[in-house]
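J.: These are the residues of each chain, in order.
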Amino acid sequence: MSRNDKENEQSSSEHSKEPEENKVVLYDLAENIKRYKDVFGEDSDLSVRYMQHENLKMAILFIDSLVEKEIMDQHVIHVLNNQLNDIVSADEEIILSTSKTKKITKHKEVLEHLLQGYSIILFDGYPIAYAAETAGGDRRPVTESSVETVVRGPRESFNESIMTNIGLIRRRVHTPHLQIYKKELGKESKTSVAVLYIKGIAKDNIVEEVISRIDNISIDAVLDSLYIEELIEDPQRYSPFPTIFNSERPDRISAGLLEGRIAIIVDGTPVVLLVPATIGLFLTSNEDYYQRYDISSLMKILRGGAFVLSIILPGLYVALLTYHQEMIPTPLLIAVTGQREGVPFGIAIEVAIMEITFEILREAGIRLPKTVGAAISIVGGLVLGQAAVDAGLVGQGTVIVVALTAISSFTTPSYNIAITARMIRFILLILSSFLGAFGLIFGLIFLLIHLNSLRSFSVPYLAPIVPFHKGDWKDLFIRVPWSHMKERPEEISNNNKNRMENSKVNRQTK
Amino acid sequence: MEKTYITKIQALMLGISSITVTGHLLFIPVIIDHAGRDSWISLLLAIFPAILIGFTVALLSQRYPGRSMVEYCQLILGKWLGSLVVIIFLVYFLHEISLSIRGFGEFYTSAVTPRTPIAVFFIAILILAAYAVHCGLEVISRTNQAILVILIPIVIFATILTQKDKDYLNFLPILENSIGPALDGTLALTSLYSSIFVLSMIFPYVNNTKRLKRYSIVTMIILVIMFIGPITGVVAIYGEERAKGLYFPTFLTLRDIEIGALQRLDILGILLWSLGSFAKVALFLYAIVLGIAQLFKLKDYKILVIPVGALVSIISLINGEDLNGIFRFLENYYPFYSTFVGLILPLLLLIISQFRKKPGVKKRRAE
Numbered sequence: 001m002s003r004n005d006k007e008n009e010q011s012s013s014e015h016s017k018e019p020e021e022n023k024v025v026l027y028d029l030a031e032n033i034k035r036y037k038d039v040f041g042e043d044s045d046l047s048v049r050y051m052q053h054e055n056l057k058m059a060i061l062f063i064d065s066l067v068e069k070e071i072m073d074q075h076v077i078h079v080l081n082n083q084l085n086d087i088v089s090a091d092e093e094i095i096l097s098t099s100k101t102k103k104i105t106k107h108k109e110v111l112e113h114l115l116q117g118y119s120i121i122l123f124d125g126y127p128i129a130y131a132a133e134t135a136g137g138d139r140r141p142v143t144e145s146s147v148e149t150v151v152r153g154p155r156e157s158f159n160e161s162i163m164t165n166i167g168l169i170r171r172r173v174h175t176p177h178l179q180i181y182k183k184e185l186g187k188e189s190k191t192s193v194a195v196l197y198i199k200g201i202a203k204d205n206i207v208e209e210v211i212s213r214i215d216n217i218s219i220d221a222v223l224d225s226l227y228i229e230e231l232i233e234d235p236q237r238y239s240p241f242p243t244i245f246n247s248e249r250p251d252r253i254s255a256g257l258l259e260g261r262i263a264i265i266v267d268g269t270p271v272v273l274l275v276p277a278t279i280g281l282f283l284t285s286n287e288d289y290y291q292r293y294d295i296s297s298l299m300k301i302l303r304g305g306a307f308v309l310s311i312i313l314p315g316l317y318v319a320l321l322t323y324h325q326e327m328i329p330t331p332l333l334i335a336v337t338g339q340r341e342g343v344p345f346g347i348a349i350e351v352a353i354m355e356i357t358f359e360i361l362r363e364a365g366i367r368l369p370k371t372v373g374a375a376i377s378i379v380g381g382l383v384l385g386q387a388a389v390d391a392g393l394v395g396q397g398t399v400i401v402v403a404l405t406a407i408s409s410f411t412t413p414s415y416n417i418a419i420t421a422r423m424i425r426f427i428l429l430i431l432s433s434f435l436g437a438f439g440l441i442f443g444l445i446f447l448l449i450h451l452n453s454l455r456s457f458s459v460p461y462l463a464p465i466v467p468f469h470k471g472d473w474k475d476l477f478i479r480v481p482w483s484h485m486k487e488r489p490e491e492i493s494n495n496n497k498n499r500m501e502n503s504k505v506n507r508q509t510k
Numbered sequence: 001m002e003k004t005y006i007t008k009i010q011a012l013m014l015g016i017s018s019i020t021v022t023g024h025l026l027f028i029p030v031i032i033d034h035a036g037r038d039s040w041i042s043l044l045l046a047i048f049p050a051i052l053i054g055f056t057v058a059l060l061s062q063r064y065p066g067r068s069m070v071e072y073c074q075l076i077l078g079k080w081l082g083s084l085v086v087i088i089f090l091v092y093f094l095h096e097i098s099l100s101i102r103g104f105g106e107f108y109t110s111a112v113t114p115r116t117p118i119a120v121f122f123i124a125i126l127i128l129a130a131y132a133v134h135c136g137l138e139v140i141s142r143t144n145q146a147i148l149v150i151l152i153p154i155v156i157f158a159t160i161l162t163q164k165d166k167d168y169l170n171f172l173p174i175l176e177n178s179i180g181p182a183l184d185g186t187l188a189l190t191s192l193y194s195s196i197f198v199l200s201m202i203f204p205y206v207n208n209t210k211r212l213k214r215y216s217i218v219t220m221i222i223l224v225i226m227f228i229g230p231i232t233g234v235v236a237i238y239g240e241e242r243a244k245g246l247y248f249p250t251f252l253t254l255r256d257i258e259i260g261a262l263q264r265l266d267i268l269g270i271l272l273w274s275l276g277s278f279a280k281v282a283l284f285l286y287a288i289v290l291g292i293a294q295l296f297k298l299k300d301y302k303i304l305v306i307p308v309g310a311l312v313s314i315i316s317l318i319n320g321e322d323l324n325g326i327f328r329f330l331e332n333y334y335p336f337y338s339t340f341v342g343l344i345l346p347l348l349l350l351i352i353s354q355f356r357k358k359p360g361v362k363k364r365r366a367e
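For the protein sequence lines, the chains are P and D, in the order given.
Using full-length UniProt numbering, read the first sequence as starting at 1 and increasing by one per residue.
Using full-length UniProt numbering, read the second sequence as starting at 1 and increasing by one per residue.
This is chain P alone, in the form it adopts within the complex:
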């Protein structure tokens, strides 16, 4: 390769307005480096380290904040120094001891690799660059999840690094059928997003749908998986109900993958998405599968009941006490109304005030630093609750109802459907304060129609209940022992339903 022949071409093409994509790495080292410094700014964290051996000038470019210094020193600079004598020209393949080494020629590629934490080795007089993977920098270690806690079961949770997260799943699901579709999203942020599914278990049309919806995203930055969630949701996105599940726990996501669901991992957030999601998924805790079946069945029933309570209890209380006193047994009615003697507000107002107070308390509890958090419970529980009753502003019955509702809502395993329940609770409260029991039932029928109209990636939201699939009831309100759960969920995995060798599907085919 004769250098001088092409240099003129290069420099002339430099001045013409060429599109960004076509720019290539230049021959001249100094010009090259100047170009990158122009891109990043003179005083940025772009570091350049020069090396020279006889006539061969080299430079190593890297972004300080993205690389792991130790890998840099040992596997790039140290190795290069040792090889310096052997390197005569850059045309030969240089041998680095980093895990990934690439030969690149495009200007744009250089920028991309730099921003991913690669270090770029440039040579004076050659239009080539080597990119060596040195990505690193400080990441939160894999710790126990503070949001989804369990008594028994795996404790690891995802962290912010997509590679760590994929690894956590791969370490649980050792099958080669685990497929990964990776894509960069966000014009500015260039966030990596990975779609994971198990080929042969996930439904192909759902996988295609997920990938095509992700491909259609056009946004400037993706900072959390919620961005993706809202952008790929089904058309009825104005529903308070989440149709995409999320979790921080690799065991949960792996279980979902094995049922035929599809996971979406976004770099920079520990929250991984899982689709398609049906309502049962939101009311299931991963611990249901780690405790014995009898206990977890009872817990599931309890939790389901608590979820219903957390939606209807305030409304029911208001409806009964305002419109249908005759339905309450007389001794109970006397007890409840007796305490309310002298309370200045109507029941609906009273319950609404207490509910709103509680919501304020809860929000304050989340925003406050943990050390101050304890103060909130004292102020909230003792001062507001006790004092309000003592002062005769609210009845004790109301406080009990509000507290029971609140505690019930804490049993919901998934945070985002618990929020939905909070919103619906207020709507039902208003309806039943206007129309009594009929208002409550009106709200519930409306909710039922709405839930039936929802779909998550073409899977009906209320899936095993309506449309009715008998087999999936084994894991809905109760959980049967593992020896009886032989098939995967009906609507979600269609291709390969048998979990166990002697399942019904298998027997039929034989």
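Take these hints with a grain of salt, some might be off.
[As the list claims (entries may be wrong)] When the alpha-carbon atoms are kept at most 27 Å apart in a straight line, the in silico DSS-like pairs for lysine-lysine are as follows:
| # | chain 1 | residue 1 | chain 2 | residue 2 |
| --- | --- | --- | --- | --- |
| 1 | P | K182 | P | K103 |
| 2 | D | K302 | P | K470 |
| 3 | D | K244 | P | K470 |
| 4 | D | K8 | P | K474 |
| 5 | D | K8 | P | K497 |
Don't read these hints as lab results, they were simulated from the structure.
With chain P held as given, fit chain D onto it using these hints.
T.: Chain D alone, transformed into the frame defined by chain P:
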């Protein structure tokens, strides 16, 4: 127009819940008024017309697969006469829905919340039905499926709990006034079951119409079984004399349940009739709206939902002066009118279609 498909069972479930609930609410007093303590004989005799109705509806839909009542009427009777018959059916549906809404509203205003104006209930249930119809047939049938899952346990529960109050000696003597009153009761029941003809608007969207006749006949038998409990129960608990004077006897039986700490189960009754009335109103509203859209060859039925809903609420207001008026109508005129439109007319259609060589069907197959 609609591309969604439902299963046979879902379609028939719609029929079951819509007929059962308004039947229990409005028709039990009518039947007891007619037949008194012989109501159970009326019910037994009603099996035959009920099966005939189920058979007719299913056979018509099977003979014209993929075509609704509006379309096959025009194929059988020709364009103008067919349209006239379609309009009769649609008016019948409109009347039927307004009656059940009225009954539902009257139930609330007289038995639960007397001070609320009746229009509130009309509007509320029509909002629900309109929302469901707007979401499409699939949502209606799935919601109904979920509703039945709630309804059936309540019904069984209520039957068991009222067992101890029942005295079957109240049925004696049998056929004191000869068979006449019992036959009147049968006619009333037949007229009630005739409204299952509304399914002729739904059957075209059933994904698999094989053995539809058998399913539909089984449905009618289930419907008959569903009425055994309330009809015999009311007479057995209250005796003929008292049962005749009650407006909502089935609700009262629920209300009178008292076992240990369990008492005053009104809320179950309210739940039962709200859910069931919703299912019926949604199904009929869908049928009317779709029927009008097909009759006038509109592309989308959804724009019709709100105007028809408003019309229905007004018709239910002017339906009768009060609950007594409604009952009088149901007792004296409705049996003949509903049996004619829901049973005789479809039978005539079936007979005529037997003689006509089904040109439309052949043409369709050739396509």
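J.: Taking only the CA atoms, is the gap from K244(D) to K470(P) under or equal to 27 Å?
T.: 43 Å, violated
J.: Would the pair K8(D) and K474(P) pass a check requiring their Cα atoms to be no farther apart than 27 Å?
T.: 25 Å, holds
J.: Given the hinted pair K8(D) and K497(P), is their Cα-Cα distance within 27 Å?
T.: 25 Å, holds
J.: Taking only the CA atoms, is the gap from K182(P) to K103(P) under or equal to 27 Å?
T.: Cα-Cα ~21 Å, so holds.
J.: Given the hinted pair K302(D) and K470(P), is their Cα-Cα distance within 27 Å?
T.: 34 Å, violated
Checked against the numbered hints given earlier, this structure breaks hints 2, 3; the rest are met.
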